[in-house]
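J.: Chains D and S are the protein sequences, given in the same order. The working numbering runs 3 ahead of the 1-based position in the first sequence. The working numbering runs 335 ahead of the 1-based position in the second sequence.
Derived by calculation from the structure, the hints in this document are not laboratory data. A virtual CB, placed ideally from N, CA and C, is assigned to each residue, including glycine. Keep in mind that the hints are not guaranteed to be accurate.
DMTMM-like, lysine to aspartate or glutamate: derived pairs with alpha carbons at most 20 angstroms apart [what the hints assert, rightly or not]:
no., chain 1, residue 1, chain 2, residue 2
1, S, Lys337, D, Glu265
2, D, Lys289, D, Glu9
3, S, Lys419, D, Glu47
4, D, Lys150, S, Asp346
Residues of chain S clear of chain D, computed beta-carbon distances all greater than 12 angstroms [to be verified]:
no., residue
5, Leu338
6, Tyr341
7, Ile344
8, Asp353
9, Pro386
10, Leu394
11, His431
12, Met433
13, Ala436
14, Ala437
15, Met438
16, Asp439
17, Phe470
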Amino acid sequence: MTIKFESSYIKNNYTLLGRNEYDISLKVDKIIRDYYNNKKSIEEGESSYQIETIKGLLRKEKLKETDIDALISGDLQNQLFASTFASRDFEIPTLGIYSACSTFTEGLIIGSLLTDLNNKVVITTSAHNLVSEKQFRFPIEYGSLRKKVNTFTVTGSISALLTSEKTNIKVEYGTIGKMTDIGYSDVNNMGACMAPAAARTIYEHLKDTNRSIDYYDLILTGDLGVYGLEILKDYLKKEYKITNGIFKDASSILYEQNSGKEIAGGSGPICLPLTLFSKILKENYKKILLVGTGSMHSKLSSNINETIPAISHVVSLEVIK
Amino acid sequence: MKLKEYKKIVDKNSPKEDKIKNVLISFVVGGSLGALGELFVKFLEAKFYMPPSECYMYLMILLVVISSILTGLGIFDNIVTFGKCGFIIPTTGFAHSMTSAAMDNNKEGFIKGIGSNIFKLTGSIILFGLVSAFFLALLKGVIM
């Protein structure tokens with residue numbers, strides 16, 4: 004399903020990076036080199052990252068909490084711990100969303116629907132490497148053996164402000180993806196799990212908007228990793244006969260030096276917005292297609308030998324210069 | 336697209352793991368660990384005139400304590416990354432997974448956190464170790 008947004012613009016953003024084992028050289032608003040951020044547990048640490056970004060964004064824009072009509076936030080923790088415990092500090096009506104690593108694009112779609120009704124919306128998402136390791140893989144200190152296709156969750160948080168007042172980044176279309184399960188079940192190779200979902204939603208977006216893939220200057224995928232991106236290109240070619248297009252993967256841009264060596268790239272919901280705001284929007288791209296991809300597995304699903312369903316939500320941005 | 340076809344695309348684009356290299360490293364590391372242990376046992380036998388069964392018990396305790404402390408200091412996961420299954424399959428791996436699971440949940444308190452989670456990974460080793468020991472002992476009793 005594709006929705007055309009009439010008046011939805013990204014006004015500002017606040018980016019925060021936590022501690023990351025592999026270097027990230029992108030410029031962000033704030034860096035906190037501490038997994039705990041003076042809190043008792045890592046889970047609360049992630050939550051405090053979100054508080055920092057929301058406060059930072061309000062400070063940047065000189066807005067009060069009561070000026071914001073809605074906060075849409077999501078993260079990877081059970082019961083959205085980070086988001087719920089961050090939002091209790093604010094006087095803002097809140098929606099919590101879970102869509103794994105496509106949280107940001109899902110937030111953009113819901114937020115844009117609200118901005119079309121003349122509201123100001125803040126979209127927040129966060130990820131924490133240790134929390135995800137603990138929740139989806141093994142205990143943190145457990146030296147589980149990594150495969151070359153493993154991705155590495157990026158620690159940090161991002162808030163973006165959506166308004167109906169005109170700025171130079173317009174949110175144009177949003178395509179809500181279908182849950183896609185091709186039957187693949189290797190949790191280590193998340194790029195391969197999510198590529199079919201991404202391809203399907205890209206195809207449906209192009210069909211609904213009557214555009215060819217060449218219309219976009221850049222197709223930015225979220226966290227497929229270096230190998231996942233190649234799989235996506237091959238799959239698009241074989242299944243949907245889409246051969247052109249300029250593709251880049253946000254997570255491999257983040258870990259530029261290490262991608263394809265020790266790790267396949269980054270993962271987590273903040274890869275896509277972080278790369279978008281700190282790098283892509285500063286370059287000369289006019290028409291950008293954001294492809295958020297989420298792998299919806301859990302410990303339970305792999306324990307009962309289920310295959311991995313994946314989802315992808317697509318948003319097209321237009322940069323007006 | 337069928338899963339079979341898709342797997343072909345995935346295999347074409349994913350890097351191959353160096354399985355032989357991993358196996359060799361594990362073999363050498365695990366083997367040396369075993370050799371060192373054997374030396375320690377011989378040392379105990381020669382110096383303290385202990386019976387072999389007691390020597391092996393002390394060796395077990397030593398390995399478990401060392402790997403638990405190293406896990407607590409945050410070093411052992413790097414050692415495992417280097418030595419692979421050479422460190423996971425011996426008792427060191429057992430102690431490592433036990434300690435790391437306990438560390439993960441220590442913020443949730445002694446009873447609900449550490450107590451109920453410490454055997455999260457190693458619980459099955461203990462359970463099925465006991466079950467198989469029981470049946471083997473039974474078998475031994477019947478045969479002999």
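J.: For each hint, tell me whether it holds in the structure or not.
T.: Evaluated hints:
1. With a C-alpha separation of about 31 angstroms, the suggested pair S:Lys337 and D:Glu265 falls outside the 20 angstroms cut-off, and the hint is violated.
2. Proposed proximity of D:Lys289 and D:Glu9 is supported: the alpha carbons are some 18 angstroms apart, at most 20 angstroms.
3. Annotation: proposed proximity of S:Lys419 to D:Glu47 is violated, straight-line Cα distance about 32 angstroms (limit 20 angstroms).
4. Simply put, D:Lys150 and S:Asp346 have alpha-carbon atoms about 14 angstroms apart, close enough for the 20 angstroms limit, and the pair holds.
5. Not every C-beta of chain D lies more than 12 angstroms from that of S:Leu338, the closest at about 4 angstroms, which undercuts listing it as non-interface.
6. The claim that S:Tyr341 lies off the interface is violated: its Cβ sits roughly 6 angstroms from the closest Cβ of chain D, which falls inside the 12 angstroms cut-off.
7. Not every CB of chain D lies more than 12 angstroms from the CB of S:Ile344, the least distance being 5 angstroms, so the non-interface label is violated.
8. The claim that S:Asp353 lies off the interface is violated: its Cβ sits roughly 9 angstroms from the closest Cβ of chain D, which falls inside the 12 angstroms cut-off.
9. Against chain D, the non-interface label of S:Pro386 holds: every CB pair exceeds 12 angstroms, the least being about 35 angstroms.
10. No beta-carbon of chain D is positioned within 12 angstroms of the beta-carbon of S:Leu394; the least distance is around 22 angstroms.
11. Listed as outside the interface, S:His431 is inconsistent with that label: its C-beta sits roughly 7 angstroms from the nearest C-beta of chain D, within the 12 angstroms cut-off.
12. Residue placement check: S:Met433 does not keep its beta carbon more than 12 angstroms from all beta carbons of chain D (closest about 10 angstroms).
13. Consistency note on S:Ala436: stated as away from chain D, yet its beta-carbon is not over 12 angstroms from all of that chain's, at 5 angstroms minimum.
14. Not every beta carbon of chain D lies more than 12 angstroms from that of S:Ala437, the smallest distance being close to 8 angstroms; the non-interface claim is violated.
15. The claim that S:Met438 lies off the interface is violated: its Cβ sits roughly 5 angstroms from the closest Cβ of chain D, which falls inside the 12 angstroms cut-off.
16. Consistency note on S:Asp439: stated as away from chain D, yet its beta-carbon is not over 12 angstroms from all of that chain's, at 4 angstroms minimum.
17. Distance to chain D confirms S:Phe470 as a non-interface residue, since its nearest Cβ pair spans about 26 angstroms, more than 12 angstroms.
Comparing the model with each earlier hint shows violations of hints 1, 3, 5, 6, 7, 8, 11, 12, 13, 14, 15 and 16; every other hint is respected.
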